[in-house]
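Colleague: In case you want the letters, here they are:
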Amino acid sequence: MSMLLEVTGLHASYGDFRVLHGLDFTVEKGGISTLLGANGAGKTTTLRALCGMIKRTGTIRFEGNDISSKATEEIVRLGVAHVPEGRGTFTGLTTEENLQCGAMTRRSRAEIARDLEQAYHWFPRLRERRNQQAGTLSGGEQQMLAIARALMLRPRLMLLDEPSFGLAPLIVQEMFSILRKVNQEEQVSMLIVEQNAGVVLELADNAFVLETGGIVMSGTAAEVRDNETIRAAYLGY
Amino acid sequence: MELLAQQLITGIATGGIYACMALAVVMIYQAIHHLNFAQGEMAMFSTFIAWQMLAWGVPYWLVIPLTVALSFVGGVAIERLVIRPLGDAPVLSHIVVFIGLFAIINSLAGFIWDFTIKPFPSAFGEGSRFGGLISNHQLGMIAVTMTVLLMLFLFFRYTRVGLAMRAAAENPASARLVGIRVGWMIALGWGMAAAIGAIAGILIAPIVFLEPNMMLSILLYGFAGAVLGGLTSPIGAVFGGFMVGIIENLAGTYIPEIGGELKLPIALFLIVTVLVFKPTGLFGRTVVQRV
Amino acid sequence: MSVNTTTTDARQAAASTTATGPAGAVKAVSLPEPAAASGNAKIMRTAGIALLIMGLTAPFMAGNFLIFQLTMMLIYGIAILGLNILTGINGQFSLGHGAFYAVGAYTAAIMMDQFGVGYLWTLPVAGIICFIVGFLFGLPALRLEGIYLALATFALAVVTPQLFKLSPFEHWTSGVMGIVISKPEAPLGLPLNPDQWLYFLTLAIGLVAYVCARNLVGSRTGRALMAIRDNPIAAGSMGVNTALFKSLAFGVSALYTGVAGALGAIVVQYISPDSFTFTLSVALVVGLVVGGVGWLPGALFGGAFIMFVPNIAEELSKGLSGAVYGAIMILMMYAIPTGLGGLLKAALTALSKRSKTG
Amino acid sequence: MHIRRNILKYAAAGLVVSSSLAFGSIAQAQEMPGVTDTEIKIGNIAPYSGPASAYSTIAKTISAYFDKVNEEGGINGRKINFVSYDDGYSPPKAVEQARKLVESDEALLIFQSLGTPSNSAITKYMNMKKVPQLLVATGATKFGDPENSPWTMGWQPNYQSEGIIYGRWIADEMPDAKIAVMYQNDDFGKDLLDGLKTGLGDKADMIVAEASYEVAEPVVDSQVVKLKASGADVFISFSTPKFAAQAIKKAHEIGWDATQIVANVSNSVGAVLTPAGLEASTGLISTAYLKDMQDPQWADDQGAKEWNAFMDKYYPDGDKLSSFTTYGYTVAQTMAHILEQAGDDLTRENVLKQAASMKDVTLPLFLPGMSMNTSETDYFPIEQMQLMKFNGERWENFGEIISGEVGGN
Amino acid sequence: MQANTASAPPQLAVRDVVVRFGGIVALDGIAFDLHKGEILGLIGPNGAGKTTLFNCLSRLYTPASGDILYDGNSVLSRRPHDMPAIGIGRSFQNVALFQRMTVRDNIRVGAHAASRSDFFSDALHLPWVRRQEAAVDATVSELIDYLGLGAVADLPVEGLPFGTRKRVEIARALAIRPGVLLLDEPAGGLNHDEVGELGRLIKSIRDDRGVTILLVEHHMGLVMSISDKVVVLSFGRKIAEGTPAEVQQNPDVIAAYLGGPAE
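Chains as they are written, first to last, in UniProt numbering: chain Z, 1 to 237; chain X, 1 to 291; chain C, 1 to 358; chain A, 1 to 409; chain S, 1 to 263.
Worth flagging that the hints you see were computed from the coordinates, not collected in a lab.
Just so you know, even glycine gets a beta-carbon here, dropped at the ideal spot from N, CA and C.
One or more of the hints may lead you astray.
Restraint ranges, calculated between C-beta atoms of paired labels, are given here [what the hints assert, rightly or not]:
#1 207/C / 146/X: 54 to 60 Å
#2 20/S / 42/C: 56 to 62 Å
#3 178/Z / 141/S: 35 to 41 Å
#4 42/C / 220/Z: 53 to 59 Å
#5 6/Z / 37/S: 39 to 45 Å
#6 42/C / 212/Z: 29 to 35 Å
#7 131/X / 399/A: 31 to 37 Å
#8 397/A / 131/X: 31 to 37 Å
#9 351/C / 37/S: 50 to 56 Å
#10 216/Z / 173/X: 28 to 34 Å
Extracted from the complex, chain Z is given alone in its bound form:
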């Protein structure tokens, strides 16, 4: 399989505080990878570094283009959608305006209108709330909105930061099944950071385990799931 994203020697720091020490990993085209690890291991930082939200060094190739020195908005324009922690909703805009923002980089109005319908198809709750201020949505609805907004970009790679945070189990199941469908039907690759290792390993093809800024294990999801030592030491279940 060809690689959509190739990362070599990724370093990143907050001020003087170094968080990532040379990560190497890849995401396959059409695949779902997950980044696991304890709190503070640097998972969120990795995602932020990938899309240029913090200073980083190293090589990041997306579809062959070096994006390691590009600004966030330019990386996004290449087809990388990041669903950040805390969802990053435009709380003062309506649900529909939020979705429109997601399609900001695209031209064709007809396609956008079609994708809007598609988004409402995936997440019917959002249609009910289309003219409501996004800030008034519940946590689960906001998470759906964030994912739907990311899909409006027609991304080839989605970075998802703890999509299950604060969501009820039923919703988590629902959302993960939508993610799987999206992955299969729309050929969107995904890199998911998740605390809920049990659930995400069901979904993912590959997994990387991060510890204090470095990758300690990588392999297929099944390998990671079945590796007792890793389970005990890093995933704790």
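Let chain Z serve as the given structure and place chains X, C, A and S on it in line with the hints.
Modeller: Below, chains X, C, A and S alone, put in the same frame as chain Z:
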């Protein structure tokens, strides 16, 4: 009551000035969520540029678009050269920079063009209506303000760039994540604010006369109008501007003894009172957030 | 470590009330080692003592004009200290502190002019009156936040000079003509000229004001104020009566500024509505930011900035003094966006890091 | 020249003292402070920044005039070092600058400090220090009070006497008039209004309406409309140029055909009447003591020619439309005259004495027939004015040269 | 356990609470009891009204009808900042710490309600203030040790890892010396290991410090392992109440919340 009618009309005419400025204030607020204290000075400087071109003999109808365009470029330039280097410095540091800009522009204008008041020709000619209570120019000014308001409304509501600007102002980080070039949106906001400021200046100068300090108090009234109407609402800002003009004139006329001396305080007091009951202004939208 | 050098960022404050994501705003912060903190405190203390010695000896070496300027610098410093309690510690903006300064000044002047009260007695009275005025203003201000509060206070700054002109009060205020005050002599036969005496008086009051402010910030009250600044809803849930504390912060802040105003009236020997236009309020904000929002000693440097830098600007160019002053302000913000306080904190952190490795 | 040195001073002061010994208390035993064999140091305080910065034109003109004096050899062989500081129209700053001029620069005197508030703030200090505060730039009556402030002297006709002149004229010429007054809510407007009432004497009830405005207001339309509604047929505006122009224009627009009076400070053809509209200005009444350089009747006047030559050579950036330039030019000539009179005895006492003993001094831009007179009990150099009427093109003087008679109190 | 809860009067009683936002009914007659020493898990889908109920308990919202009793007394007349004094402490869903204050100072603020002072005494640092500060510091130090925050005690909260900040928030809530502690999704953002640790901590808070706990949580592993009783909300109504085992079997709960058994 004839006097009442007269003062109402005068209030509307004066309010038109404030509305015009309030609109510019709201524009910049939409773009950067700051109040730019140098806004009035920028408008004043633009007007001087227009005046200078007129003095050089450039035809009036060329001067106006030229000035607006130059101001737009100037606004973008200020953002790029002065504001951008600040990065994500705290709000108060931004305010200090605005104060600094205010001082620079005011001082420069006085240095270049002196402080003597200068007449500025109106696009709408001399003459007046309603027994002189509103000049043709003031009517024209109100019409232009309304037109600009409508255009802004349509721009923010129905264009993608307008939506992008709103998104960028509200949550820059998220805006980047949907591919909006936030830096340019902010620069665009400055440019538009400067251009609208230039229009405001050109409309206001024929009434109050052109001089470096002409915007000092108008900006305050513009703020007052914008706040009264709601900083998030261009319509509210225009309405607020008119209200401030009317309230001020009626208070000055009908409150005995101290009314005349306290025109401004009374107007400001009313505004603060409104804010206490409706903290986001009359038309402002409360952004509902969950705790 | 009570040296708090953080700055007020309304947007961030707003964000933190509504909570960010799981990792919050993962913001770049360098973490100072706890061990270094005590070393820094030592440096700070040494610097403070050196500054105090200079302050005590200055009037015997400087001419009266410079003493006068230094006195004014201290007075502005006290006013900025008051503003810092409100803005830096409690997180409420005020672009209108010139109004409280004016109330303090008028209180002192009217008491001396109309009632022949001794100047020393006017200071506490000015403080109390300003506390009440500030507290009362703080009540409606509770409903306002960020930019709306800034504008409301700005309106206060614009309106106050007009109120002092008002004809019904003219008997007391002398309207636009202002009040001339006599300069007090040094008491108890101290061998000081009036300028020196007023300098030492101001220095003493400034020191007391500073120590009180420091105590306040390091106490239960101060923590409550900072908690409100950082997260009002959480502060309320911890039992902090946010409304009361915010109003009180306004009152105390106004008290400081009012005492400064009273001192200013006595030192300048003249007040009029034109003495207290909104430019004074703006200057106080500039001083606050340059000194460092939330860093109490910054008030002194802020006072020095607004006292001396306009003069430097004037020396550089008379016609364009405003432009030069504005440019200096902007350059300052580039160089030290978080004020001198922020700079100092960064420097000390770097220093302690080096001493650790070296 | 003093500039660079002072930068260092402030840098030092900012870092708090220590180095202050270097420029601290230099011995004050000098007999003639501010004076050397080659130089006379004159201090000035003007608002180069802030809301009143329009007035800084005066100080700039004065400075240019002293350049001319120096180029022509100075005064009795001494060049004038004109040290002018900015107070931003703020009284506390004025005090600071006055102290700097007196204590640090050791100027001989302070000349043309501008504005009632700033001058009020420093008067007590100047008199305590016995430093002349000469020819202050304000018409407030309190600056001609030799009994209480012997070191402080005004120059221009004070506002109160100007008001009296209008009052008397109205009382005599139009005894049945109903008067409406718009005035600036500060010492200037109020002094004029007081004078008007004094001038009207027992006919003060002719004033049927008053309306004040603040300098901070953008427009005065509301006031004009309100005053018109009073039914008055005389409209007086005691206002500064911008507001006077607005009032003239507005009154014209609303068709108020009252007899209009504007204060002296706002009767410049170039800076007030032209912006307001010459047609609207026709029939205006005002007073003058200086020639208006935009007034065609002075086109061939010798004084005007000299002034034009001066402006072209020494103050080319200056705005010839502004009456502040003629004002500054003439007041600087007055100062030069006083210094010339003092000869080589340039003690503060003698300079003050010379200032207080001017006899029939006339200057080129004075209206014909006017002169300055002072004495130990008369600290108002210019007390004469002439009424005039605008004919749509230029001012026409009419009537006698009138003396206002406001004494020390 | 059922018998135990029935015998004593409840420490916290929620009685038919109704909350409306505009036309929307956010809470529709919610009622349940919380007895001393209990750990009660409150679960339900997002938007079910858990946080709304929480905000009623901490008096940020006022119910349209119904009552909330603490030790038999209504708390509805109290203001939010009175709640700590009554004995109710809380944590926040997304962590609401005082970002620019140190860990120690954050926890000290928790002791606000339990201490007294005024501007005047604080400004002068009067002796009684000093004595009180010493007492507060002792409490705070004990909590810092209890939660293992010693290494970061004097750092600003801003920039600390999320898990640490969660602990700080619990420490701050404990400084209130609450009778009842309301925890709003304490496990959110924690990994499996950390959740286990949290569970032990919560139990220890109940067992060693005698604090009654109301726990809103999505992490079923946590809720089911430590709760004595579970209340399930959905669309503003209580759809189930019982032991964890009972609730897990409840078909309504499975349909509305839990979904099918995890794959």
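Colleague: Against the earlier hints, flag every one the structure doesn't satisfy and list their numbers going up.
Modeller: 3 and 5
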